[in-house]
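A.B. asks: This is what each chain is made of:
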Amino acid sequence: MEEPVVVAAEAELSFWDQHRYILLIGISIGIAIFLVVISMALYESSGAAQLDLSRPGYSSVTSQAVKNDGDFQAYPTSGALDKSALDQFKGLYDTQAAQARAVDAFNGDPLSPDVLELSAPPPSQ
Amino acid sequence: MFRLKQLIIGIGLAIVVSGVIVGIVSAESQPMTDAQISQIKSSCVTAKNTIARLHANDALLRVNRGQMYESITTKLMAHFNARVDSNHLDSKDLETVTQNYNTALTTFRTDYQTYEESLSNALNIDCTNEPVTFYDAVADARTKRSQVHADVVKLNQYIDDYSAAFNAFTTNFYKLSGGGN
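Here the protein sequences come in this chain order: U and F.
For the first sequence, the numbering used here assigns the number 1 to the initial residue and increments by one for each residue that follows.
For the second sequence, the numbering used here assigns the number 1001 to the initial residue and increments by one for each residue that follows.
Derived from the structure by calculation, the hints contain no laboratory data.
Hints may contain errors.
Claimed, not checked - If you want the ones that stay clear, here's a sample from chain F, every Cβ over 12 Å from chain U, calculated:
1) Thr1046
2) His1079
3) Lys1092
4) Thr1096
5) Asn1100
6) Asn1102
7) Asp1126
8) Asn1129
9) Asp1151
10) Asp1160
To be verified - Taking lysine-lysine and the DSSO-like style, the derived pairs with C-alpha atoms no more than 30 Å apart in a straight line are:
11) U:Lys90 to F:Lys1041
12) F:Lys1041 to F:Lys1092
13) F:Lys1144 to U:Lys67
14) F:Lys1154 to U:Lys67
15) F:Lys1144 to F:Lys1154
16) U:Lys90 to F:Lys1144
17) U:Lys67 to F:Lys1041
18) F:Lys1154 to F:Lys1041
19) U:Lys90 to F:Lys1154
20) F:Lys1092 to F:Lys1075
21) U:Lys67 to F:Lys1092
22) F:Lys1175 to U:Lys83
23) F:Lys1154 to F:Lys1075
24) F:Lys1092 to F:Lys1175
25) F:Lys1175 to F:Lys1075
26) F:Lys1075 to U:Lys83
27) U:Lys67 to U:Lys90
28) F:Lys1144 to U:Lys83
As the list claims (entries may be wrong) - Taking beta-carbon pairs under 7 Å as the criterion, some of the chain F residues facing chain U (in silico):
29) Pro1031
30) Lys1041
31) Val1045
32) Leu1054
33) Ala1056
34) Phe1080
35) Leu1105
36) Arg1109
37) Asp1111
38) Ile1125
39) Val1132
40) Thr1133
On a predicted model such as this, the values are computed, not experimentally measured, just so you know.
Glycine is no exception: its CB is placed at the ideal position from the N, C-alpha and C atoms.
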């Protein structure tokens, strides 16, 4: 007696079932692009871009940037307040205040049309 | 009747004000002469190089000065205020100056960002093809840079103010504690 042949019913796969790996890769790339766009928007809008001296065009000054301000001593927040504590603060503060005042940052007028030679030439006599 | 009178006065005022504004605007935006346009075209490449150097130097200045201004408030002013407060002493004047300083620091950051964007915009303009646009962009960056300088002056003023507030606090402290220098 012959045994009945059982034929497994072939499941009908949809288009997306057949291409699920491509779908996975596509979604992953989409998410990555979305996150990069958000990061770039934050980078630009937060002002971080202006502080990033590793950008092209800044290579000439990168080495001059203060990498850390470890020598900038912080004043202790706790402890009694007496003459020595006040003198310590005065010493620290005056040093930093003098350094801050030493440079008149962004002074002058380097973008003046005369400096950049963009002004109209004087009329010839 | 009274309302009609008010309406006529209002319209009259509006006409006068708009006339003044139009006058100011037309005085400011005087047309550029051909000689100036050709001058801009001929020297704009050199000008762009100068601006690019300024762009880099100002960025360095922003990073280094910004770090210093930041540390003054976070490591000195805020810490001293906290210490005064923890000793149950009056730190109101010191805190007021610190608050003003922090506001000025925020303004400095924002103004620098605006200035940098404006300068980058000027650098991206093709000055030989668009000399007038380039000139206007440089003029805009110039105004914004002077604003950043004004912010720095203000910050330095608040640094002095804090020093004065500290001296007043010290004088008062010694008076109250009966101690001297």
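A.B. asks: Output the numbers, in ascending order, of every earlier hint that fails for this structure.
C.D. replies: 1, 2, 9, 10, 11, 12, 16, 17, 18, 21, 28, 29, 30, 31, 35, 37, 38, 39, 40
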